[in-house]
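J.: Using the sequences plus the hints, can you model the full thing?
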Amino acid sequence: MKKILLLVLVVIILGLISSLLLIPNNIKITKVGLLQANKRTAYRCLSQEDLMQKYLVTPGASATIDNGLNIIFNNTGFQFKPGVLDVVYVGINHKEENLKSVISLSEINSDSTALEWSTTLISSKNPVKRIQQYFHAQKIHESMASIIASLQEFVIKKENIYGLNVQRTMVTDTLLVTTKTTTKEYPKKEFYYDMIKILQNYIGNQKAASVNYPMLNITPLSNNQFAVTVAVPVNKALPDNNSIAFKRMIPGNILVAEVKGGTKTIEKAIRNLNNYATDYQLVAPAIPYQSLLTDRMMEPDSAKWITKLYYPIY
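First residue of the sequence shown? That's 141 in our numbering, and the numbers climb one at a time after it.
These aren't lab readings, by the way, just hints derived from the structure by calculation. Bear in mind the structure is a predicted one, so any value in this text is a computation, not a measurement. We put the CB at the ideal spot given by N, CA and C, even for glycine. Don't take every hint at face value.
[Unchecked claim] Think about it this way: if two alpha-carbon atoms lie no more than 27 angstroms apart in a straight line, the pair counts; the simulated DSS-like pairs of lysine-lysine are:
#	residue 1	residue 2
1	LYS297	LYS444
2	LYS404	LYS320
3	LYS448	LYS297
4	LYS279	LYS269
5	LYS329	LYS404
6	LYS194	LYS444
7	LYS324	LYS376
8	LYS279	LYS265
9	LYS194	LYS400
10	LYS400	LYS329
11	LYS387	LYS337
12	LYS298	LYS240
13	LYS194	LYS298
14	LYS404	LYS328
15	LYS265	LYS221
16	LYS400	LYS298
17	LYS279	LYS168
18	LYS221	LYS168
19	LYS328	LYS194
20	LYS328	LYS279
21	LYS179	LYS168
22	LYS179	LYS194
23	LYS404	LYS448
24	LYS179	LYS329
25	LYS329	LYS448
26	LYS376	LYS387
[Said to hold, decoys possible] Simulated restraints, written as ranges between beta carbons of each label pair:
#	residue 1	residue 2	range
27	ASN375	THR321	52 to 60 angstroms
28	ILE248	ASN345	21 to 29 angstroms
29	LYS324	ALA349	29 to 37 angstroms
T.: Next up, the structure:
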């Protein structure tokens, strides 16, 4: 029996000595990944709570997000702090370990980004604690890998990021009659449909025809007013008439996305479309607009409104 106890003791001592020799003083924890998204998109997915909620807090996942970018993922705490465009700083808390880590993003091309997440755990000179730290580092690495895997799957579909199915196409309605004004409050549908009616009457008086749905742009101004512009695509060039102007659009490139819902839903979709253009460094040569597929005067339930968003680009 004494021999067995002695043997066990020797094994334990050898194990502790091995921990000092085999476990490095600085345990480097690094995880790399390739994201099918450009660097701006990747950065926003690591710095916006609403996006992080989508790919981290899912059914069956052990993750919660509270107080901004503080995340508990698989019993490990992560505190994300955005830096410059290609860096995100992340504090990591696991058991008694408190680490500082960095996520670095490197653009490969317009739709691919390399990600490297790294930190260092300084090992204790106490062999028992050193072994514990080694296993803590393994758990931290596993959590980092799971977060990156969730992000990789999330960014594959742009609808996940922007909430829209964004299509790139060409401008087809190049002939427009338009009118604009300003208002001190956000315009109600009656306000801009009265403007549309003026254009429709003018088109009829000119023996012309509209060829697509009415168009609307509402832009906040710096003086707490709103610029309201409406337009109707027509089948031929028409003369200007007082507040009505004829516009000829360049048949260039344009982003198109369809959205269903009322004003708040549409405004959110417009912001997301702006984010898409910013992420892909697209410039708008003309104002974006809504195409009113649903006659909002005839449909009182705004949840049923169908709107196409158009964002000219070059």
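J.: If a hint holds in the structure, say so; if it doesn't, say that too.
T.: Here's how the hints hold up against the structure:
| no. | hint | in the structure |
| --- | --- | --- |
| 1 | LYS297 to LYS444 | 25 angstroms, holds |
| 2 | LYS404 to LYS320 | 22 angstroms, holds |
| 3 | LYS448 to LYS297 | 20 angstroms, holds |
| 4 | LYS279 to LYS269 | 15 angstroms, holds |
| 5 | LYS329 to LYS404 | 13 angstroms, holds |
| 6 | LYS194 to LYS444 | 25 angstroms, holds |
| 7 | LYS324 to LYS376 | 34 angstroms, violated |
| 8 | LYS279 to LYS265 | 21 angstroms, holds |
| 9 | LYS194 to LYS400 | 20 angstroms, holds |
| 10 | LYS400 to LYS329 | 16 angstroms, holds |
| 11 | LYS387 to LYS337 | 18 angstroms, holds |
| 12 | LYS298 to LYS240 | 31 angstroms, violated |
| 13 | LYS194 to LYS298 | 13 angstroms, holds |
| 14 | LYS404 to LYS328 | 13 angstroms, holds |
| 15 | LYS265 to LYS221 | 31 angstroms, violated |
| 16 | LYS400 to LYS298 | 18 angstroms, holds |
| 17 | LYS279 to LYS168 | 13 angstroms, holds |
| 18 | LYS221 to LYS168 | 21 angstroms, holds |
| 19 | LYS328 to LYS194 | 33 angstroms, violated |
| 20 | LYS328 to LYS279 | 55 angstroms, violated |
| 21 | LYS179 to LYS168 | 25 angstroms, holds |
| 22 | LYS179 to LYS194 | 19 angstroms, holds |
| 23 | LYS404 to LYS448 | 15 angstroms, holds |
| 24 | LYS179 to LYS329 | 39 angstroms, violated |
| 25 | LYS329 to LYS448 | 16 angstroms, holds |
| 26 | LYS376 to LYS387 | 11 angstroms, holds |
| 27 | ASN375 to THR321: 52 to 60 angstroms | 25 angstroms, violated |
| 28 | ILE248 to ASN345: 21 to 29 angstroms | 57 angstroms, violated |
| 29 | LYS324 to ALA349: 29 to 37 angstroms | 35 angstroms, holds |
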